[in-house]
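Chain by chain, the residues:
2 protein chains.
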Amino acid sequence: MDLMALYFEDLKPGRVFKAGPITVDPTQASEFARQYDPQPFHLKEAAGAASVFGSLVISGWQTAAYSMRMLADSELAGIANGLVGLQIDKLMWHQPVQPGDVLSTEFDVMSRKQSRSKPGFGVVQLAWRTFNQRGELVMSLENAIWVAVRGEGQGPSHG
Amino acid sequence: MDLMALYFEDLKPGRVFKAGPITVDPTQASEFARQYDPQPFHLKEAAGAASVFGSLVISGWQTAAYSMRMLADSELAGIANGLVGLQIDKLMWHQPVQPGDVLSTEFDVMSRKQSRSKPGFGVVQLAWRTFNQRGELVMSLENAIWVAVRGEGQGPSHG
Chain B
1 MDLMALYFED
11 LKPGRVFKAG
21 PITVDPTQAS
31 EFARQYDPQP
41 FHLKEAAGAA
51 SVFGSLVISG
61 WQTAAYSMRM
71 LADSELAGIA
81 NGLVGLQIDK
91 LMWHQPVQPG
101 DVLSTEFDVM
111 SRKQSRSKPG
121 FGVVQLAWRT
131 FNQRGELVMS
141 LENAIWVAVR
151 GEGQGPSHG
Chain L
160 MDLMALYFED
170 LKPGRVFKAG
180 PITVDPTQAS
190 EFARQYDPQP
200 FHLKEAAGAA
210 SVFGSLVISG
220 WQTAAYSMRM
230 LADSELAGIA
240 NGLVGLQIDK
250 LMWHQPVQPG
260 DVLSTEFDVM
270 SRKQSRSKPG
280 FGVVQLAWRT
290 FNQRGELVMS
300 LENAIWVAVR
310 GEGQGPSHG
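Taken in order, these protein sequences are the chains called B and L. Okay, so the first sequence: first residue is 1 according to the numbering used here, each after it adds one. Okay, so the second sequence: first residue is 160 according to the numbering used here, each after it adds one.
With the rest of the complex left out, here is chain B (with noise of 0.2 Å):
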């Protein structure tokens, strides 16, 4: 049993779990682009100068994977049955994001409920929230999330 797993009793509503920070590596970002996202504006400066960004800037969905790292690395990692997302709602890209930039976030417990269809698990709404080095918000999400009840006979305290 490990001691610091995550079970659907331990995520109260309200409760705040802060990660990163991390930095958008400059080679990471271009890779990303050429890989998934290639469009000009996340390829070179002057696409990107050109583009409604006014400049180079990463994919939206490389800010959405450089959280995901972050979530994974918090301490939310510790959730029994790993991180198992079921839907995504209202994920917005509030600012662009420029390769050297830091990221951190934080995931706030929203509600949760247990699942009737599956029992012995429950499903936690997690707020997201992705700064930049200045503070601003660059994106934000929420997230359901599996987690596993921890129940009768399963947690620390009855090892």
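Simulated from the structure, these hints should not be mistaken for lab results. Owing to the predicted nature of the structure, the values given are computational and were not obtained by experimental measurement. It cannot be assumed that every hint is accurate.
Okay, derived cross-link-like pairs now, DSSO-like style, lysine-lysine, Cα gap no bigger than 30 Å in a straight line [unchecked claim]:
| hint | chain 1 | residue 1 | chain 2 | residue 2 |
| --- | --- | --- | --- | --- |
| 1 | B | 90 | L | 272 |
| 2 | B | 118 | B | 90 |
| 3 | L | 277 | B | 90 |
Using the hints provided, position chain L relative to the given structure of chain B.
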């Protein structure tokens, strides 16, 4: 003037754009997992087999990234101002995706309206549906994007 450019007027509700296929490369899958979602069930066969998924599966964010790549390689890449996402809702992962799977996508124009706050632009709602080689839906989402209005004097018919 690019004759292939797409404007708000071209994206009529009901229009469907098909894209792909793209194969989930095992090396790319492990690189993505190491950089952005290093959970054991994305990295190791044995951990995948022991997980809720029952096998090694790729990160859901990589499925989204591959879908973005198919979008960027589709006819929709002709949107005059680029593919600029405003918001994502109802992003769901319906089936696990494994290295070696072959993905394809459909992008449906659901609705559109001209912007009041940003003259010369409109908001178009796209539904993305990503399928595997067995025709099973693996991911879906709804995506609001900015699209420039052709207006007078800008379209090919005026050029």
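Against the structure, the hints come out as follows:
no., hint, verdict
1, 90/B x 272/L, "holds (19 Å)"
2, 118/B x 90/B, "holds (25 Å)"
3, 277/L x 90/B, "holds (21 Å)"
Going through the hint list in order, the structure satisfies each hint without exception.
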